[in-house]
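Protein chains in written order, with this note's numbering: chain C, 1 to 215; chain H, 1001 to 1309.
There could be a bad hint or two in this list.
Once the Cα atoms are required to be at most 25 Å apart in a straight line, the calculated SDA-like pairs of lysine to any residue come out as [what the hints assert, rightly or not]:
#, chain 1, residue 1, chain 2, residue 2
1, H, Lys1273, H, Pro1285
2, C, Lys68, C, Ser176
3, C, Lys197, H, Ala1171
4, C, Lys163, C, Thr28
5, H, Lys1082, C, Lys207
6, C, Lys207, H, Glu1181
7, C, Lys118, H, Ala1171
8, C, Lys199, H, Gln1288
9, H, Lys1195, H, Lys1273
10, C, Lys73, H, Gly1174
11, H, Lys1211, H, Leu1308
Simulated from the structure, these hints should not be mistaken for lab results.
Take a look at the letters that make up each chain.
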Amino acid sequence: MNPFCEIAVEEAVRLKEKGVASEIVVVTIGPATAQEQLRTALALGADRAILVESADELNSLAVAKLLKAVVDKEQPQLVIMGKQAIDSDNNQTGQMLGALTGFGQGTFASKVEVAGDKVNVTREIDGGLQTVALSLPAIVTTDLRLNEPRYASLPNIMKAKKKPLETVTPGDLGVSTASTVKTLKVEAPATRSAGVKVKSVAELVEKLKNEAKVI
Amino acid sequence: MTILVIAEHTNAALAPATLNTVAAAAKIGGDIHVLVAGSACGAAADAASKIAGVAKVLVADNAAFAHQLPENVAPLVAELGKGYSHILAAATSNGKNILPRVAAALDVDQISEIIAVESADTFKRPIYAGNAIATVQSSAAVKVITVRATGFDPVAAEGGSAAVEAIGGAADAGKSAFVGEELAKSDRPELTAAKIVVSGGRGMQNGDNFKHLYALADKLGAAVGASRAAVDAGFVPNDMQVGQTGKIVAPQLYIAVGISGAIQHLAGMKDSKVIVAINKDEEAPIFQVADYGLVADLFEAVPELEKLV
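Could you build the full structure based on these sequences and the hints that come with them?
Listed below in structure tokens is the structure:
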């Protein structure tokens, strides 16, 4: 599971343990093998799972549209997602779902507090931290420091096999997953030439001054 | 072809990343308009009008835009953006927060964190923590793009004389409210714009020991950064983190002290011109990317370095 998504599942489980959330539904979009990630989330404490089965590699907007259809059906008060997937590094889906649902968004969250019909989200921003209050329903995307995800215990892994897992297709949800962006090629980045080891601080300073000329 | 650049600003001043974003717009080609959405943001708008190469500055001055809440700003940008070929914003925490909401409102895909412009519709961007570079092409009517500042040399902040035009538009969507913020205070240069960066990792052992790095940084006029390990251990605040999930820097000189060089950290600094590593573990992966490596105890090497520079 994407590390930011693990943090999202953990936060949902903690909200349920505090009595704030009544039910946790986990959703993923991908090939049939993505069921394994859903079972992991169920073992961590989610109640039921939905797999939107699609063999195609989907862009963030298509994913957000599929999630919008699930949100319309399930009517959650809070949607928690990771801030970015560490393969595409896009950091888009939560914000896009915000636009499509009209919900407020608390991105890059390091603290989430539900109070009545509002959620206060502390966000990691470039200069420090910012707190916003969002009306529920709302979307939260997780940053690394929100929590420390737990491990699934063996009994819970066994129990998770019996929890409900529903499979739907983009067609069932009436969503077109066409994209306006295509990848032309993927290449390795330019490699750095090998450096040298210096023997002393004096030699380092000499090289930085006279060879690299950076100080 | 006209390009809309969303200004990154604090209402009172323009953030440097705006200049890198305008540079990316200039590479695409066409007229460049800059949108300054904020509250009492006249000073930022004036600064934007002086940027070299900017044809027009649009100012949306409204209390609802004071803290750049995406629920309020994104509808404004999406409505305005329909008339443009490209919408660009810096890949800062603010740009990343707002722009995907704009893209979805326009029903187009977004291209995140470009590092190069191949043509008006083709761009390069890093994926897998910078371990691969993807070339992507967009057929969207409006191309929505965030720009990695370190990929583009900034345009001149002075020399332009763009017309400034006030615009109205969307206001408070009533979904969100600003509660407060805690900003780290520092007299040192801003991390992403500094020419020299000195960073510490787990090897610093505690927050107090960062004083050695601050002393060295002050001598060099450098900014101070950190690895995720140092942030998670509570040595320093999170806004100092350099890496895949923190800030991306590409200074002239990057000095990594007590940092092993995990892949996620390298993603944030491996485009630095010269990299120096100081680490007592000669097997540390950081030495594979360092131009100059010193195997030494940092508690002896850093104070000595501070004396000699």
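To see whether the hints hold, each was checked on the structure:
Distance hint between lysine 1273(H) and proline 1285(H) is fulfilled; the C-alpha atoms sit about 18 Å from each other, no more than 25 Å. Between lysine 68(C) and serine 176(C) the alpha-carbon distance is near 12 Å, which keeps this suggested pair within the 25 Å criterion. A hinted pair counts as satisfied when its Cα atoms are at most 25 Å apart, and lysine 197(C) with alanine 1171(H) does not qualify at roughly 58 Å. Taking the CA atoms of lysine 163(C) and threonine 28(C), the gap is near 16 Å; set against the 25 Å cutoff, the hint holds.
Under the criterion of a C-alpha separation no larger than 25 Å, the hint pairing lysine 1082(H) with lysine 207(C) is inconsistent with the structure, at around 53 Å. Proximity of lysine 207(C) to glutamate 1181(H) is assessed by CA-CA distance (about 43 Å); at most 25 Å being required, the pair is judged violated. For a cut-off of 25 Å, the pair hint linking lysine 118(C) to alanine 1171(H) stands: about 20 Å separates their Cα positions. Distance restraint check for lysine 199(C) and glutamine 1288(H): the Cα-Cα separation of roughly 17 Å lies within the 25 Å cut-off, and the hinted pair is therefore satisfied.
Distance restraint check for lysine 1195(H) and lysine 1273(H): the Cα-Cα separation of roughly 10 Å lies within the 25 Å cut-off, and the hinted pair is therefore satisfied. A threshold of 25 Å between alpha carbons decides the hint, and for lysine 73(C) with glycine 1174(H) the separation of about 24 Å falls inside it, so the pair holds. For the suggested pair lysine 1211(H) and leucine 1308(H), the alpha carbons sit about 17 Å apart, so the restraint of at most 25 Å is met.
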